[in-house]
Amino acid sequence: MNLLAETKNITIIFLLSAFIYSCSKDDIIPEDKFIKIYIDILVAQDTLADNSISNDSLKTLILQKYNVTDSLFTKTVEYYNYDPAKWENFFEGAIKQVEELKATEEE
Numbered sequence: 021m022n023l024l025a026e027t028k029n030i031t032i033i034f035l036l037s038a039f040i041y042s043c044s045k046d047d048i049i050p051e052d053k054f055i056k057i058y059i060d061i062l063v064a065q066d067t068l069a070d071n072s073i074s075n076d077s078l079k080t081l082i083l084q085k086y087n088v089t090d091s092l093f094t095k096t097v098e099y100y101n102y103d104p105a106k107w108e109n110f111f112e113g114a115i116k117q118v119e120e121l122k123a124t125e126e127e
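Counting from 21, one number per residue, gives the positions in the sequence shown under our numbering.
No lab work stands behind these hints: they were computed from the structure. Keep in mind that the hints are not guaranteed to be accurate.
[To be verified] Pair ranges (Cβ atoms, derived):
1. Asp-90 / Glu-127: 34 to 40 Å
2. Thr-124 / Pro-50: 35 to 41 Å
3. Glu-108 / Asn-71: 29 to 35 Å
4. Asn-109 / Asn-71: 29 to 35 Å
5. Ser-77 / Asn-109: 17 to 23 Å
6. Asp-76 / Tyr-102: 20 to 26 Å
[To be verified] In silico DSSO-like pairs for lysine-lysine, Cα to Cα no more than 27 Å straight-line:
7. Lys-53 / Lys-79
8. Lys-79 / Lys-56
9. Lys-85 / Lys-122
10. Lys-106 / Lys-79
11. Lys-85 / Lys-56
12. Lys-122 / Lys-53
13. Lys-116 / Lys-95
14. Lys-122 / Lys-79
15. Lys-79 / Lys-95
16. Lys-116 / Lys-56
17. Lys-122 / Lys-56
18. Lys-85 / Lys-116
19. Lys-106 / Lys-116
20. Lys-95 / Lys-106
21. Lys-53 / Lys-106
22. Lys-116 / Lys-79
23. Lys-106 / Lys-85
24. Lys-53 / Lys-85
25. Lys-56 / Lys-106
Glycine residues also receive a C-beta, built at the ideal position from the N, C-alpha and C atoms.
Taking the hints into account, I'd like the entire structure generated from these sequences.
Written out as structure tokens, the structure is:
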């Protein structure tokens with residue numbers, strides 16, 4: 021019975037390690053680039069709201085612009101979902117960047 025319990029523990033540790041490794045910071049989009057992608061997606065959706073282009077098509081075009089795969093984008097979102105505080109920092113950065121864009125447009 022001890023051998024079975026040890027095997028289960030080792031399996032759990034291995035799976036947790038694999039999950040944590042798969043969501044490591046090296047495998048995600050850098051935050052500054054992720055913010056730019058996010059803002060571009062929002063602007064495109066707002067600008068082309070009446071157009072027949074689907075949101076998925078817009079996202080695909082924007083990801084291509086930044087040379088990012090859909091799986092990397094998804095992995096980055098999952099990484100941020102793992103720690104909601106990361107989203108808070110992300111949105112603070114996004115708001116700051118949008119304000120800078122507005123200021124540039126007003127000049």
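Going through the hints against the structure:
1. Between Asp-90 and Glu-127 the CB atoms are about 36 Å apart, so this pair conforms to the stated range of 34 to 40 Å.
2. At about 22 Å, the CB distance of Thr-124 to Pro-50 disagrees with the hint of 35 to 41 Å.
3. Under the hint 29 to 35 Å, the C-beta atoms of Glu-108 and Asn-71, about 32 Å apart, fit the expected range.
4. A C-beta distance of roughly 32 Å is found between Asn-109 and Asn-71, which places it inside the suggested range of 29 to 35 Å.
5. Between Ser-77 and Asn-109 the Cβ separation comes to about 29 Å, which falls outside the hinted range of 17 to 23 Å.
6. A C-beta distance of roughly 24 Å is found between Asp-76 and Tyr-102, which places it inside the suggested range of 20 to 26 Å.
7. At most 27 Å may separate the alpha-carbon atoms for a hinted pair to count; Lys-53 and Lys-79 meet this at roughly 14 Å.
8. A C-alpha spacing of about 12 Å is found between Lys-79 and Lys-56, which places the hinted pair at or below 27 Å, so the restraint holds.
9. With a C-alpha separation of about 22 Å, the suggested pair Lys-85 and Lys-122 falls inside the 27 Å cut-off, and the hint holds.
10. Taking the CA atoms of Lys-106 and Lys-79, the gap is near 22 Å; set against the 27 Å cutoff, the hint holds.
11. Distance check on the hinted pair: Lys-85 and Lys-56 sit about 11 Å apart at the alpha-carbon level, within 27 Å; holds.
12. Restraint check: the Cα-Cα separation between Lys-122 and Lys-53 comes to about 19 Å, which is no more than 27 Å; the hinted pair holds.
13. Distance restraint check for Lys-116 and Lys-95: the Cα-Cα separation of roughly 24 Å lies within the 27 Å cut-off, and the hinted pair is therefore satisfied.
14. Simply put, Lys-122 and Lys-79 have alpha-carbon atoms about 22 Å apart, close enough for the 27 Å limit, and the pair holds.
15. Our distance criterion of 27 Å between C-alpha atoms is met by Lys-79 and Lys-95, whose separation comes to about 15 Å.
16. A hinted pair counts as satisfied when its Cα atoms are at most 27 Å apart, and Lys-116 with Lys-56 qualifies at roughly 11 Å.
17. At roughly 14 Å between alpha-carbon atoms, Lys-122 and Lys-56 fall within 27 Å of each other, so this suggested pair holds.
18. Restraint check for Lys-85 and Lys-116: the C-alpha separation of about 22 Å stays at or below 27 Å, so the hint holds.
19. Proximity of Lys-106 to Lys-116 is assessed by CA-CA distance (about 15 Å); at most 27 Å being required, the pair is judged to hold.
20. Straight-line distance between C-alpha atoms of Lys-95 and Lys-106 comes to about 14 Å, which keeps the hinted pair within the 27 Å bound.
21. Under the criterion of a C-alpha separation no larger than 27 Å, the hint pairing Lys-53 with Lys-106 is consistent with the structure, at around 15 Å.
22. About 22 Å separates the Cα atoms of Lys-116 and Lys-79, which keeps this hinted pair within 27 Å; it holds.
23. A distance of roughly 24 Å separates the Cα atoms of Lys-106 and Lys-85; the hinted pair therefore holds under the 27 Å criterion.
24. For the suggested pair Lys-53 and Lys-85, the alpha carbons sit about 11 Å apart, so the restraint of at most 27 Å is met.
25. Distance restraint check for Lys-56 and Lys-106: the Cα-Cα separation of roughly 16 Å lies within the 27 Å cut-off, and the hinted pair is therefore satisfied.
Consistency with the previously given hints fails for numbers 2 and 5, ordered from lowest to highest.
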